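Asker: Here is what each chain is made of, one letter per residue.
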Amino acid sequence: MNEHYLAALREVLVQGLPVTIKVSVASILIAIGGGLVLGVLRALRNRALDTIIIGYVEILRGIPLLVLMFFVFFGLPQLGFHFLEVPSAIIALGLWGAANGAEIVRGAIFSISAGQSEAGTALGLNWLQVMVNVILPQAVKRMIPPFMSLFVATVESSSLAALIGVKDIVEIVRLRVENDPSLWIPLLLSILFIYFFINYPVSIASQRLERRLT
Amino acid sequence: MLLVGIAGAAMRTSRSAPARTLATAFAEFFRNTPPLVWIFFFYFALPGIGIKLSAFTAGTLALVFYQGAIAIEILRAGIEAVAEGQREAASALGLSPLQQFVNVVLPQAFRISLPALGNNLISLLKNTSLISAIGTIEITGIANDIIAIRLSSAELYLTLGVFYLVCVIVLSAMVRVSEQRLSRYGS
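These protein sequences, in sequence, are chains A and B. Number 32 in this note's numbering belongs to position 32 of the first sequence; there are no gaps in the numbering. Number 1116 in this note's numbering belongs to position 116 of the second sequence; there are no gaps in the numbering.
Among the hints, a few may not be true.
[As the list claims (entries may be wrong)] Heads up, simulated BS3-like pairs for lysine-lysine below, C-alpha to C-alpha not over 30 Å straight-line:
hint, chain 1, residue 1, chain 2, residue 2
1, A, Lys167, A, Lys22
2, A, Lys22, B, Lys1052
3, A, Lys167, B, Lys1126
4, A, Lys141, A, Lys22
5, B, Lys1052, B, Lys1126
6, A, Lys141, B, Lys1052
Since the hints were made in silico from the structure, they are not lab data. Keep in mind the model is a prediction, meaning the values are calculated, not measured.
All chains should be modelled from the sequences, with the hints used to inform the complete structure.
Answerer: Right, here's the structure in full:
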């Protein structure tokens, strides 16, 4: 452990880590928001709307995230939409997360027994009131564990942003080893542990919560 | 991937504490770290300690470990879902622990785990795209490539996306067919 390593590690923590966290958190927020909207729309059981949302979800989940990210960053400028590296990464991760979030929300809403919405309707509530006051409060509890798993997947996937030039912890490592290849092992091990320490508590908490709910 | 999953899940559910700890640590560590960083590790870092792998081998190994770690968890859940009586009955018939696992518990666990394993297989297919990152970076940094790629186009990535999509749709159809086949044998 020489001073080169320590200097590089410092740069990873001071410059890279905030970027990794920023990209991950912004993306998971888009995923939760987008997932809620799309998932609730699925509950309307409108055929045209369903087709559009299913198409979106299946396509976004069917293509590799890396291809989506390259498309946003390299492809969209050709169509006249220019985004910098960080926004591109957030857009790609957010769109991908929203597709996964939509499935989570839909699953949770449809897992609430039909009697609940029938009882709500019988009390004279309209569709929106039933959804907001009866279904969602119960469904939200069931969404939390899968959204936590999605957060873990998002943090892992934020590493792909390095490939479009976002200076996250992976990219900082890659830049530092250009001068000194002997740093590959210590630096990569360090960031593996950084990812692990972010993700492991969330993934354990998610498993615990899920077990408690079932 | 499947072999790593089966071996790991067997260890995770075994009665030997060291085996359990080892398999749990392996599964938790790989599951919670990005496969891209593992690909870098196998390809760029291992030569530092004298292990030189080709891009293909390094990429494949990294993905086998990552998806294998997920398969361990999936199969563990499957094994735990198999009724305890099944193993007891097998043991009453005089089967050895290995025979109990291979002939009685695993086939049933496999059927329970099949949908999740199918998803894992699809995710493996998509993650193969990450291996290209090694090639990208090898050519002295990304900058050169960005220039090269900027000249190519949106169509390229659309085509690539469609290609993956077709593969994924075919694969999920295959998974669904095999689920239906297996569910015929009662549940």
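Asker: Does each hint hold? Answer for all of them.
Answerer: Here is what the structure says about each hint:
1. Only pairs whose Cα atoms come within 30 Å are accepted, and A/Lys167 paired with A/Lys22 is accepted, the gap being roughly 11 Å.
2. Taking the CA atoms of A/Lys22 and B/Lys1052, the gap is about 35 Å. The hint is violated against a cut of 30 Å.
3. A threshold of 30 Å between alpha carbons decides the hint, and for A/Lys167 with B/Lys1126 the separation of about 24 Å falls inside it, so the pair holds.
4. As the CA atoms of A/Lys141 and A/Lys22 are separated by approximately 26 Å, the hinted pair is consistent with the 30 Å bound.
5. Restraint check: the Cα-Cα separation between B/Lys1052 and B/Lys1126 comes to about 25 Å, which is no more than 30 Å; the hinted pair holds.
6. Taking the CA atoms of A/Lys141 and B/Lys1052, the gap is near 48 Å; set against the 30 Å cutoff, the hint is violated.
The earlier numbered hints that this structure contradicts are 2, 6.
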